[in-house]
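Chemist: The chain contents come next:
Number of protein chains: 2
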Amino acid sequence: MFSLLEITRKLLKGDFTGLLGIVKTNKEIHPAEVAKMLSGVPYKTSLKGFRMLPTESQLKVFPYLDILLQIKIIRVITKDRASFILNKLSSDDRMTFYTAVKGLERSHFLDLLEPKNRDAVLDLLGYPENTVARLINTEFATITTEKTIAQAIEHLRRNHKDNETANVIYVVDQEGKLIDDVPIRKLVLNEPDKKVADLLDGFCVTLHMRDTKEDAVVKFKEYDRVVLPVTNEENILMGVLTVDDVLDVAEQKDTRDIQKFGGVEGLDYPYVKTSFFSLVKKRATWLIILFVGEMLTATAMGYFDAEIAKAVVLALFVPLIISSGGNSGSQAATLIIRAMSLKELTLKDWWFVMRREILSGLTLGFILGVIGFVRITLWQELHFFDYGQHWFLLAVTIFFSLIGIVMWGTLSGSMIPILLKRVNLDPAASSAPLVATLVDVTGLVIYFTIAAFILKGTLL
Amino acid sequence: MFSLLEITRKLLKGDFTGLLGIVKTNKEIHPAEVAKMLSGVPYKTSLKGFRMLPTESQLKVFPYLDILLQIKIIRVITKDRASFILNKLSSDDRMTFYTAVKGLERSHFLDLLEPKNRDAVLDLLGYPENTVARLINTEFATITTEKTIAQAIEHLRRNHKDNETANVIYVVDQEGKLIDDVPIRKLVLNEPDKKVADLLDGFCVTLHMRDTKEDAVVKFKEYDRVVLPVTNEENILMGVLTVDDVLDVAEQKDTRDIQKFGGVEGLDYPYVKTSFFSLVKKRATWLIILFVGEMLTATAMGYFDAEIAKAVVLALFVPLIISSGGNSGSQAATLIIRAMSLKELTLKDWWFVMRREILSGLTLGFILGVIGFVRITLWQELHFFDYGQHWFLLAVTIFFSLIGIVMWGTLSGSMIPILLKRVNLDPAASSAPLVATLVDVTGLVIYFTIAAFILKGTLL
Numbered sequence: 011m012f013s014l015l016e017i018t019r020k021l022l023k024g025d026f027t028g029l030l031g032i033v034k035t036n037k038e039i040h041p042a043e044v045a046k047m048l049s050g051v052p053y054k055t056s057l058k059g060f061r062m063l064p065t066e067s068q069l070k071v072f073p074y075l076d077i078l079l080q081i082k083i084i085r086v087i088t089k090d091r092a093s094f095i096l097n098k099l100s101s102d103d104r105m106t107f108y109t110a111v112k113g114l115e116r117s118h119f120l121d122l123l124e125p126k127n128r129d130a131v132l133d134l135l136g137y138p139e140n141t142v143a144r145l146i147n148t149e150f151a152t153i154t155t156e157k158t159i160a161q162a163i164e165h166l167r168r169n170h171k172d173n174e175t176a177n178v179i180y181v182v183d184q185e186g187k188l189i190d191d192v193p194i195r196k197l198v199l200n201e202p203d204k205k206v207a208d209l210l211d212g213f214c215v216t217l218h219m220r221d222t223k224e225d226a227v228v229k230f231k232e233y234d235r236v237v238l239p240v241t242n243e244e245n246i247l248m249g250v251l252t253v254d255d256v257l258d259v260a261e262q263k264d265t266r267d268i269q270k271f272g273g274v275e276g277l278d279y280p281y282v283k284t285s286f287f288s289l290v291k292k293r294a295t296w297l298i299i300l301f302v303g304e305m306l307t308a309t310a311m312g313y314f315d316a317e318i319a320k321a322v323v324l325a326l327f328v329p330l331i332i333s334s335g336g337n338s339g340s341q342a343a344t345l346i347i348r349a350m351s352l353k354e355l356t357l358k359d360w361w362f363v364m365r366r367e368i369l370s371g372l373t374l375g376f377i378l379g380v381i382g383f384v385r386i387t388l389w390q391e392l393h394f395f396d397y398g399q400h401w402f403l404l405a406v407t408i409f410f411s412l413i414g415i416v417m418w419g420t421l422s423g424s425m426i427p428i429l430l431k432r433v434n435l436d437p438a439a440s441s442a443p444l445v446a447t448l449v450d451v452t453g454l455v456i457y458f459t460i461a462a463f464i465l466k467g468t469l470l
Numbered sequence: 011m012f013s014l015l016e017i018t019r020k021l022l023k024g025d026f027t028g029l030l031g032i033v034k035t036n037k038e039i040h041p042a043e044v045a046k047m048l049s050g051v052p053y054k055t056s057l058k059g060f061r062m063l064p065t066e067s068q069l070k071v072f073p074y075l076d077i078l079l080q081i082k083i084i085r086v087i088t089k090d091r092a093s094f095i096l097n098k099l100s101s102d103d104r105m106t107f108y109t110a111v112k113g114l115e116r117s118h119f120l121d122l123l124e125p126k127n128r129d130a131v132l133d134l135l136g137y138p139e140n141t142v143a144r145l146i147n148t149e150f151a152t153i154t155t156e157k158t159i160a161q162a163i164e165h166l167r168r169n170h171k172d173n174e175t176a177n178v179i180y181v182v183d184q185e186g187k188l189i190d191d192v193p194i195r196k197l198v199l200n201e202p203d204k205k206v207a208d209l210l211d212g213f214c215v216t217l218h219m220r221d222t223k224e225d226a227v228v229k230f231k232e233y234d235r236v237v238l239p240v241t242n243e244e245n246i247l248m249g250v251l252t253v254d255d256v257l258d259v260a261e262q263k264d265t266r267d268i269q270k271f272g273g274v275e276g277l278d279y280p281y282v283k284t285s286f287f288s289l290v291k292k293r294a295t296w297l298i299i300l301f302v303g304e305m306l307t308a309t310a311m312g313y314f315d316a317e318i319a320k321a322v323v324l325a326l327f328v329p330l331i332i333s334s335g336g337n338s339g340s341q342a343a344t345l346i347i348r349a350m351s352l353k354e355l356t357l358k359d360w361w362f363v364m365r366r367e368i369l370s371g372l373t374l375g376f377i378l379g380v381i382g383f384v385r386i387t388l389w390q391e392l393h394f395f396d397y398g399q400h401w402f403l404l405a406v407t408i409f410f411s412l413i414g415i416v417m418w419g420t421l422s423g424s425m426i427p428i429l430l431k432r433v434n435l436d437p438a439a440s441s442a443p444l445v446a447t448l449v450d451v452t453g454l455v456i457y458f459t460i461a462a463f464i465l466k467g468t469l470l
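Residue numbers (our numbering), protein chains in the order written: chain A, 11 to 470; chain B, 11 to 470.
Check before you lean on any hint, since a few could be wrong.
Which copy is meant is left open, so a pair is good if it fits within one copy or across any two.
Computed cross-link-like contacts, PhoX-like style, restricted to lysine-lysine with a CA-CA straight-line distance of at most 25 Å [to be verified]:
| # | residue 1 | residue 2 |
| --- | --- | --- |
| 1 | 320 | 466 |
| 2 | 98 | 46 |
| 3 | 353 | 82 |
| 4 | 34 | 291 |
If you are wondering where the hints come from, they were derived from the structure by calculation, not from laboratory data.
My request is simple: use the sequences and hints to build the entire structure.
Modeler: This is the structure:
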């Protein structure tokens, strides 16, 4: 038995014997484990470690490495070795690699491919980055309907490699148009003299080359499938897509949604691998936009500076009041953005959402209003703080302001994502900070207007 | 050809002929399509529609219905029919159903099962709700090593139903302990007289009954697998798990994370299916906690009311200052929470994160500080607003306050999730509103302290 931790420790000390030992002598290690060890050490060490692996192991481990490490490796190893590895990759792993490298470096690396592979990669790179075409595996097994099961099995044995795409066999006509997919288990579970035609179930769920990755996730879930065929406009079978390749897609999409909602431009790489400069840049953009927007609060408060001077006590509650609007807006935005992202809500539901959120906002505002009212009354009566002779009117002001602002916050938070979607922008861009900023400015106006109305002739 | 939209429209009018027509005459419809139509109409209509389906279709469509609809159906159909359906479900779909019903209703529905199925469900219900055990399919194909491929195929043909778990055959010893898994394709791609023992690759990735669903997602991704065997403590094979069942898990986990981050208790059901009362309750809890916390801002400002009375102009910038802290905190919290959720960051990285975030905070604070300084100078010089004779000192106060508060916000936002994790709480609970609230209170203290220092003897 070997210990991954032990080997990683050795690696960190520059000792590669442990790594080479298990790779050479122990066949019971999964390439993913080796990849994990190489990812757990500094780049220089992992590069050195990878170069020391026997060729066979390099080929197996490479696809499991993270894409940044893959690129660094291809940059530093010899041209011949790089060409060998890139040509031997499965077609989907190869596409992942070429999708990640850009510009001049991409064409440089394309020169390393055999003509057949290069043409295939170039074809698929012609599809937009977010499409299924970029993820498909183009090695798949096909058969025609008139064959018997015995013939099909013989055909497979002669023509197909043992890889994960060989779990399903695709039934096509003479032109390569897809008719149906048949799991290999059906070849085994049925009598050998049956025809392939007898195994068809009549419906075939397919993806299209231009479907987005998100469409694919939805389809996998809807039909409880783990692999789906991908066709072009003429229904010609172009490749297959396995669900593990979109497992990351759903996660990456959620990551972008979450980061946007937190008011950060989506990161291209994991936090730990993003450079300090790019991290600050991604944050500064939104922070500056929000800051400039929030400057309107200073302007708004400037309009009311006479009121504040007369009743300083009003200023004390400004943060409490506006943050309540921001918080309730952030709650509403979260719920709506996520529901839209999961396609539980669509644009046409806006009226349902609006009625519901106005009612929620009123209820929540009333609850906070009561708490606010009680707080002022208690502090006054228990002599914690003196809000002056008109404390009761102040408490009433706070009560009504909270109802108004929480309702306004809830309504803005729920409607902004819907409006953004309506004009074809990403609803997730209506981040918590954005909603809070918008609500802050209007919240101040609501607060001081209600105050002016209630306190006129007394405090103001 | 039929149109789903057309049939749904008919359904909405109470006309079930379209639905029954396609189910009876057209075998080219996937049960998932029927389920989708039934989910798109009001409950009453979908219940009625389901009851009118032929038994065969009911069995096929049921697993694709959403769980709430499944429960409603079982409640209203006859006991015999309910018992028939529940017993015919695949074991994983049955577990999903029983996991969703609680309390008395669960035991009531358990009585509908045959003893063998009931015992199996009760066994698995003994495992915690978040474990793999709750998702496994207990129907799987096993074989022993000494058999030939031809024998294995014969064995499968006799003993196993044609369902998705039959894509992989599990090699076990006499006691049922798992040795390896062999994809069925290997039986087809190899010569029939080879032994099963010759097909083993020496490593077998397994899940354990008590692994969490999140563990399973990680393993599926790490090893690029779509189905994994699940064993108990004695390495006895208990069931298999397919990746489509955890596709939802990753999504649900992300949904909970996102909702928590937005300051809402995670919803149990989709937004549109959550009742108004439960929606308000889930939001009110956090909103009240945050409101009570935010009351400290009124207290903090109370301490400085003499300063505000002397320099009303200070109050004008309160919302701008504190929201900048909240926004930068929300950004930092988002990045750290997501990185921890994806296991890119662990607790031991706190020092790396802290150094990085202090530096980011200083940089971002400096940028905003400069903008704030320029804003005041411009407004003053262009006579947009008169900040009084000491406007320059005010601008300096704003400059330094922004640096201090943005740094403080960034630091809090990044450290609170790590601290929560340290005390075994969910980092996602450090929501944008929570971070903003904490930063608001301390931000005010920072602002007025810097103001007191710089403006002493002039404005104050």
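Chemist: Each hint should be assessed against the structure and marked as holding or not.
Modeler: Against the structure, the hints come out as follows:
no. : hint        : in the structure
1   : 320 <-> 466 : both (11 Å within a copy, 23 Å between copies)
2   : 98 <-> 46   : within (21 Å within a copy, 42 Å between copies)
3   : 353 <-> 82  : between (39 Å within a copy, 23 Å between copies)
4   : 34 <-> 291  : neither (45 Å within a copy, 60 Å between copies)
Hint compliance for this structure: hint 4 is the single one not met.
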